[in-house]
Amino acid sequence: MAISKRRTIGWVITLSVIVLVLNITMMVVWIVMTSGSREWSILAIGTVAFTLMMAATTVYVILSIKEMRVSQQQADFISSVTHELKTPLATLRLYLETLQMRDLPAEKREEFYRVMQRELKRLDDLISHLLEMRRLDDLGPDAEREDVPLHALIQQCAQRACAYHEKDPAVVHCDVPPLVLRAPRMALEMIFGNLLDNALKYSGDDAQVTVEAHALPGERVLVRITDNGCGIPRSAGRRVFRMFYRGKGDAARRRPGTGIGLYVVRTAVKMLKGRVSFRPRSDGPGTVFEVTLPGRAVR
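The sequence shown: position 220 = 222 (the working numbering), numbered continuously.
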């Protein structure tokens, strides 16, 4: 399953038609001006036919390349999902077989149970993110929008993320004035749920997450989420929003993850005609994510 990214090729076809018309016009004019006989009409018809064949071939090649890219993306997606599913399953199988075949000390068994719980959580994360991607397909750009109070939404997403990571809800400080976002609630829950999940996951035991927001001109709202985690280097660029991208640092690799969360965030934000970006914190370790979406202040 992959989110189909069908970008219209209308501009390619339009450009091809314009070039085709100009080409035909110039050739016909040239033939008329350089030929004083009736043969110019035959030459013109031949030129038009040849140009049409070349244009059709060009469009066919463009469509074929696009189809090949989509097929390759689907194959890469299936391969990546298969790998992400097999890795925790292989770990669970190994530990279960070891527990069945050996009489292990209590401490060792407890360690095995912790690892197995971690791998089960990893599987749960992957399945949840895959379901989110499917829900994004169902939403689509024409989904019905509603006014969603931002403060209540952030509080709800923060409570879920804190419960999942077994954190005190007080670690998420919400400084959000009365604002509403104009969007499908489901898409907003995906965006801020994933951002808060990442912030808590990579901030460790001493997590401190701050959520700030303010209205912008033109009925837009900026939401800023700051954490004190291991941080994302600026050199990572837009790669962090690619599907299955994981940081290469030891701190990132030590924490289980699917590499799908930020991809879901970017896809949902683009669907809502918003913007998402990140930068390293300037006053210490951590990352700042900024999301701009349609919304307004409540008076």
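Because the hints were derived from the structure by calculation, they are not lab data.
Predicted model only: the values in this text are computed from it and were never measured.
The beta-carbon is built from N, C-alpha and C at its ideal position, and this holds for glycine as well.
The reader is advised that the hints may include incorrect statements.
In silico DSBU-like cross-links for lysine-lysine, where the CA-CA straight-line distance does not exceed 35 Å [unchecked claim]:
#, residue 1, residue 2
1, Lys272, Lys68
2, Lys123, Lys275
3, Lys68, Lys169
4, Lys272, Lys88
5, Lys110, Lys272
6, Lys110, Lys88
7, Lys123, Lys169
8, Lys110, Lys169
9, Lys110, Lys123
10, Lys123, Lys272
11, Lys169, Lys275
12, Lys169, Lys272
13, Lys123, Lys88
14, Lys68, Lys88
Pairwise CB distance ranges (calculated) [to be verified]:
#, residue 1, residue 2, range
15, Asp170, Gly239, 30 to 36 Å
16, Arg277, Ala154, 20 to 26 Å
17, Ser284, Gly239, 14 to 20 Å
18, Gln161, Thr93, 27 to 33 Å
19, Val117, Pro235, 42 to 48 Å
20, Ser279, Ala172, 23 to 29 Å
21, Gln102, Ser237, 45 to 51 Å
Exercise. Of the hints stated earlier, which fail here?
Worked result: 3, 5, 19
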